[in-house]
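J.: Chain L is fixed; fit chain W onto it per the hints.
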Amino acid sequence: MPLLTELTAAVAAGKRTDTVRLTQELLAAGLAPQTIVETGLVPGMAIVGDKFKRNEIFVPEMLVAARAMKEALKILEPLLALAGIKPKYTALIGTVQGDLHDIGKNLISMMWRGANFAVVDLGTNVSPEKYLAAAVEHKANIVGLSALLTTTMPAMKETVRILKAANLPDMKIMIGGAPITQAFADEIGADGYAADAGTAVDIARKLVGAAA
Amino acid sequence: MSATIIEPFRKKWRGPLTDRARFVRQLNRQPVDRCFNMEFGYWDDNFKLWPMFRDHGIMNNEDADRFLSFDRTAMVGSPWMHPGFPYEEISRTATTRIMRNGDGLIAEVPLDGHDTIPHYLEATVKTPEDWAKVKVERFDRRHPDRKPDLAAILRDHPADRDYPLGVWAGSMIGKIRDMLTVEGLAYAVYDYPEMVEDMVETSCLLLEDFLDAVLPQVKFDYAGGWEDICYKSGPLVSVDFFRDIVVPRYKRISTKLRAHGVDLWWIDCDGDVRPLIPHFLAGGVNTMFPWEVNGSGHPGESLDRWGPELRIMGGVDKMVLGRSRKDIRAWLQSLAPYVASGGFIPFCDHRCPPNVNPDDYLYYLDLKEELFGLRG
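Going down the list, the protein sequences come from chains L and W. By my numbering, the letter at position 115 of the first sequence is numbered 338, and the numbering carries on one by one without gaps. By my numbering, the letter at position 363 of the second sequence is numbered 600, and the numbering carries on one by one without gaps.
Next comes chain W alone, as it looks inside the complex:
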């Protein structure tokens, strides 16, 4: 947590339960005092454009969470490539810079720093020979830096904490997509399936090593991961490959998590995740986040379809937040039965974009408390 002193802009929602108890109970469809109050965050431009952030020096999502007094969550771990590639500028045009990022990917980004997705130009890994080199140099399981600092985790997150603590569990394919690019992953699954499977297996082994070190020592409340392996019209990875290669590794991770009492596992995956839901569930991933409505539809439709096995976090259509207060009210009201039945925590279905009127956003937060906060 940032050491900056933040004067809260809003009061924390009232409620007798701790954030920790509320989060776990709500996702497990057990009675709660009120809905868990969280948001995914904001684009960088919101911090420059929205007066409530700009005028109070709120510059990032961590500070915004405290400024708006949301319920707290925390997460530890992120075993992946180590050492990463050094960030470097390769060239620049009048309007863009060509950069190599920490994953080794070469990408074009705007010179003025405005928010956008980078334009990826060249993959880190294109052939099995590339992967063999990167694997030796950056994916060594025995690298001494990979040993988790258990003392620091236990010091920062004591056993009697009042907030839920998550353990990182993923990515198993999204970070590989980042190294290969979307097109590169599609071609590699076709051209070099053994290479991609070895990349997935390497990701899984790194995660297993990390979990073996932390799970016996720290009581976690949930697991969380990131894949971003779907877009608006469905998966960015072959569904067969996902089912046959990725899901068995999820099962290995899930077995470890459940052996230590971690039954909730969310994955951050944008876009239309619905074609992958049966496979996520088969692998032990039971919570989807942030449920982008423009891809995956109204969250209630999938909660109804999949029953209590599936949980959803997110599902408040960012496009609706940018329309009108009447639309915002109608959308939140449509979510009310699902908040009431549990297994669902509503928030904006990705980083809230800057085109949303900040006054309407505050209206949304007020309305969310009115509908889903403590009654009486």
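Only chain L is shown next, with the shape it has when bound in the complex:
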């Protein structure tokens, strides 16, 4: 099996030791870091996302796959930075004000990184003003809002209102979380709703106009 194919399989299976070893071997063979990311690691996470959407795997498998990819990126990112190569799209993510949970947010963040988005994680309990300031600072293409509780859905609505009012060019808003539905996304004017971390990649790509 060619090394790149092996790398893709290792990421998809969450084998972090193999993922690191194969990444190093591919670099030693002279492959460009960007090629390793785009044709080795990203397809591995795409397999994970597809299996997740088909209910063939669940959160634990997604977490170990994302951990494997993260280990490889630790090696590759400094090299990419040296070469001045950045992901084409930037996504912000955070849990809305009043809500401290972060599991769903972290999953989306991992999957977006796995799809080669630059991800800025704003953490939990994020105020609308903080979202807006970060969206401006990072020229975000996607702003992701997460909420676990029905009681924090009003904060999500307010954040969407403030972000929309700023009328930032090329910025799309995605929402998700346990109580969130497409109907609620439509009601508050969000651009996209993701039911799960696998779908979140598809929706984000669609919103920014990226090829799948």
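Hints listed in this document are in silico derivations from the structure and should not be mistaken for laboratory results. There may be inaccurate statements among the hints.
[Stated by the list, open to error] A few chain W positions that, by computed beta-carbon distances, are all more than 12 Å from chain L:
id: 1; residue: R247
id: 2; residue: H356
id: 3; residue: K412
id: 4; residue: D541
[Said to hold, decoys possible] Where chain L lies over chain W, by a calculated footprint (3+ residues, C-beta under 8 Å):
id: 5; segment: 332-346
id: 6; segment: 363-376
id: 7; segment: 424-437
id: 8; segment: 457-471
id: 9; segment: 581-594
[Said to hold, decoys possible] Taking beta-carbon pairs under 7 Å as the criterion, some of the chain W residues facing chain L (in silico):
id: 10; residue: V419
id: 11; residue: E420
id: 12; residue: S475
Glycine included, each C-beta is placed from N, C-alpha and C at the ideal position.
T.: Just chain W now, kept in the frame of chain L:
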């Protein structure tokens, strides 16, 4: 039960059967006088915000059950970590406190005490060495405090009681998740499978010891447990691990329960439980609770799919309760065939959140009685 005197706000639903007979018969799909009337409860904020609770001094779910005259259930036992970790505040920010909880987990909670899920920062157990230490210090099967007080159980819950009494049977994996965190459990199953299996086995042994002590002495009507091992999009534990490691321990527990006539066993598990249902059923867990609709879908779909083997408690969509009376009526009407056929007890699919209008909630309770209460 609390010693506080509670003046009931509503009348208990009429019906000739005892709560005990009704609960068991309804879940076993036998004829009943009317539906068992229960609710899972409310968030703490409801007690501050809803006038009917606030103005009558109702401060907790136990008091609310009596205030609203629901049918009674009771449960004994909860063998787990002993001694627990002392609760302590480690630090605080302008808006949050960093706490260590009784499971040893470090978590961030809001300073103003508003309802939310804690933000977990650090696990109690990260390596086999951590587990070895915690196991010796806090999971000693021979600790004298673990001996159940049988006299107290028999005194508090006499054999001729009119309400169903449950025996605790679980957790086998959820409390371990609590010690490891969600991410930690996923990594540990991959990195240290023997450690996680030993944690599951330890949980099972503690439960077996407890059941061996109480089952021959007390006639229980059901078993109940807690796992919370799913979220909106499915399990938080590897399904293979659940099937291969957790389910065999469920089978051991189920064998003990059935040997003493306890055939009903519910597990409290939020989120989308559907991928785990065949495994729960294989392990002897035959009732899912509280059946969160936004994760697991309409309860009727799964009752139809799995047939009489599966029972469901819950399944009233909390999101619907927050919409309109028309939506509430439509949802309850959609549940009517399943209430009628048995194996299903409807109530709000988790703690009812405070965004639900309290007048609409009372409408829901009235409508539930109209549709599922005693006829004639």
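J.: Does each hint fit the structure? Answer for all of them.
T.: Comparing the hints with the structure gives:
1. R247: holds, 24 Å
2. H356: violated, 4 Å
3. K412: holds, 17 Å
4. D541: With a cut-off of 12 Å, W:D541 remains clear of chain L, as the shortest Cβ separation is near 19 Å.
5. 332-346: Result for this restraint: holds, n = 4.
6. 363-376: Three-residue rule not met by the segment 363-376 of chain W, so violated; n is 0.
7. 424-437: That given contact holds, which follows from 3 residues of the segment 424-437 of chain W lying within Cβ reach (below 8 Å) of chain L.
8. 457-471: holds (count 4)
9. 581-594: Three-residue rule met by the segment 581-594 of chain W, so holds; n is 3.
10. V419: holds, 5 Å
11. E420: holds, 6 Å
12. S475: holds, 5 Å
This entry does not satisfy hints 2 and 6, going by the numbered hints stated previously.
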